[in-house]
Amino acid sequence: MNVVVFVKWVPEPEGTPTLGPEHRLVRAGVEGALDPGDEYGVEAALEITETQGGEVTVISMGPDEALPAVRRALAMGAHRGVLVTDERLAGADALVTARVLAAAVSGRPADLLLAAVESTDGYTGTVPVTVAEFLDLPAVTFATRLSFSDGELRARRQTPAGSEDVACSLPALVTLTAGANEPRYPSLKGIMAAKSKSLERPTADDLGLDAQSLVATQTVEAVQDAPVRGGGEILPAGEDAARRVVDLLAEARVI
Amino acid sequence: MTTAWVHAEVPQTGADAAAFELLAAARAAADVVEVVAFGPGSSAAAEALGAHGARRVYACDEASMASARAGALILERLIQEHRPDLVLFPTSYAGRDLAARLQARTGSTLMSNATAVSGPDRARTEILGGTRIVDVRLEGPTPRLVLLKPRSAEPEPVADGGVADVVPVAADVPADLREPRVLTRQVEAGSGPSLDDARVVVAGGRGLGSPQGFEILAALADAIEGAAVGASRAAVDAGWMPYASQIGQTGKTVKPDVYIAVGISGALQHLVGMKGSRRVIAVNKDADAPMMRLADLGVVGDLAQFVPALTQEIRRRTGS
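From first to last, the protein sequence lines are chains A and B.
Reminder that position 150 of the first sequence reads as 150 in the working numbering, one-by-one numbering, no gaps.
The number in the working numbering is simply the position in the second sequence, starting from 1, with 255 added.
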């Protein structure tokens, strides 16, 4: 089974994000990594191909800075990587991103497409399903576990009320929640092997996308700081602190 | 005349606050507000939706229409026929999937995580964990699509409501449309008050250390009438608490009178789900945790000792 995993480079979660010109998140020169939420998809893809054969292709869109994210997935064991880089894609919105990712999948053998439910920097949460629609595929979102039976995909997914088990024919797209498995750490051997793996660097033109399809249709008009709250008192745990918490609850009339 | 559509999810119990919030937001953005509702109970919701300002309900009562693939096909067809300027969706499991699919079909822009809509092409969102407010102009083909976060608007019936006109919509989709089939459904029985309406939310995170850590939290919630227990994503991902209790970007947005965060450091993705709380109390072993900076009152120390002591103090004061 050939599996495509969409991954994203995100700025270091511990860092302080800053906004640059045109209110875009500054990515150049910023420490970043493979989105931790994407490691579950890579791990799931590796487990599937280890038992069923086939290859794992990791596809990403981003500037040169994003290369380490793809390399990490290769070091975990993915067979090939694709990083679409094009300066016209700086500031791409969800629709443009989905067009690019769908174009990057086209022509590749892909029985299963995996992605995280959402990125940990943007939280848009719509790109994978938009890709599925472009590729005319069914989608199982919020999956917490995956298996296969009679050539079909089986998945458990989170629902607002609990969970449900679903079956879906292939090819299909699945979005995985964090915690769906235990992502492996790249081994030294894996890191060395990653250096000789296929890493394609197409531009938007290479993918056959016209200039118009790369234009983002959202423009930030204004950014302001949200009102800052807090600045409250900090106390050491103890009887006094407990009394003060209870005072506050009483003031709020909830006890 | 501008027209905004609201994609309403109608539960078995009838249209509820989630749809009314969207209707209130849509009324602020356009002259005419109409609803699209798919699935059983859609037509029957016309009265409740009309009372909240919907003039018309495009309704398809077929159960098969609850799927995002079929829904996107039908919605695209309705859009081509009626040309709304804006379509609002709830930020829900189904809402995200439907809007995402529709976007691919219409080529329209889709704004996620909006907190307000001020016109058919203007939406507001919050980024970087709610520290910045961003106003965005929506361009490109109409209708513009917006996923509105829960509790972004207050439901408000209109004075001249009346029953919305029902326009029946045929569930006319190709028979060979591949979809996941649901084999079984599991309902996680929630205990105690629902997180959405609770006046007090007691939420725990990784700092509680184990599923057993949530037992002292449950005891604390038990001592406060009407308090619900929530969890951070870290605690849910660790399998300590069910997903239904998750507060934050991917989970629920809560706005209680008092939010008590225990062992939650305050990752941006969590803060977005609770920063609308009126008062915040943080209990953490780390005085520098972001949640501490946000709190009206912070307590630094050992959770396993302090939380039971607090529970006892509440019981002493309330005589319960």
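Think of the hints as simulated: they come from the structure by calculation, not from any bench.
You may find that some hints are simply not true.
As the list claims (entries may be wrong) - If we take Cβ atoms under 8 Å as the criterion, some of the chain A residues that face chain B in the derived model are:
1) 53
2) 120
3) 134
4) 169
5) 178
6) 182
7) 195
8) 222
This structure is a prediction, so every number in the text was calculated from the model and none was measured.
All C-beta atoms in this analysis are idealised placements derived from N, C-alpha and C, irrespective of residue type, glycine included.
Going through the hints against the structure:
1. A distance limit of 8 Å between C-beta atoms decides the matter here; for residue 53 of chain A the minimum to chain B is near 24 Å, and the interface restraint is violated.
2. A least Cβ separation of about 7 Å between residue 120 of chain A and chain B falls short of the 8 Å threshold, and the interface hint therefore holds.
3. Satisfaction of the interface hint for residue 134 of chain A is found here, the shortest Cβ-Cβ separation to chain B being roughly 5 Å, below the 8 Å cut-off.
4. A least Cβ separation of about 6 Å between residue 169 of chain A and chain B falls short of the 8 Å threshold, and the interface hint therefore holds.
5. A distance limit of 8 Å between C-beta atoms decides the matter here; for residue 178 of chain A the minimum to chain B is near 5 Å, and the interface restraint holds.
6. For residue 182 of chain A, the shortest C-beta to C-beta distance to chain B is roughly 11 Å, which exceeds 8 Å, and the interface hint is violated.
7. Interface hint status for residue 195 of chain A: violated, as the beta-carbon distance to the closest one in chain B is roughly 32 Å, over 8 Å.
8. Evaluation of the residue 222 of chain A hint against chain B yields a held restraint, the C-beta minimum of about 4 Å falling below 8 Å.
Consistency note: the structure conflicts with the earlier hints numbered 1, 6 and 7.
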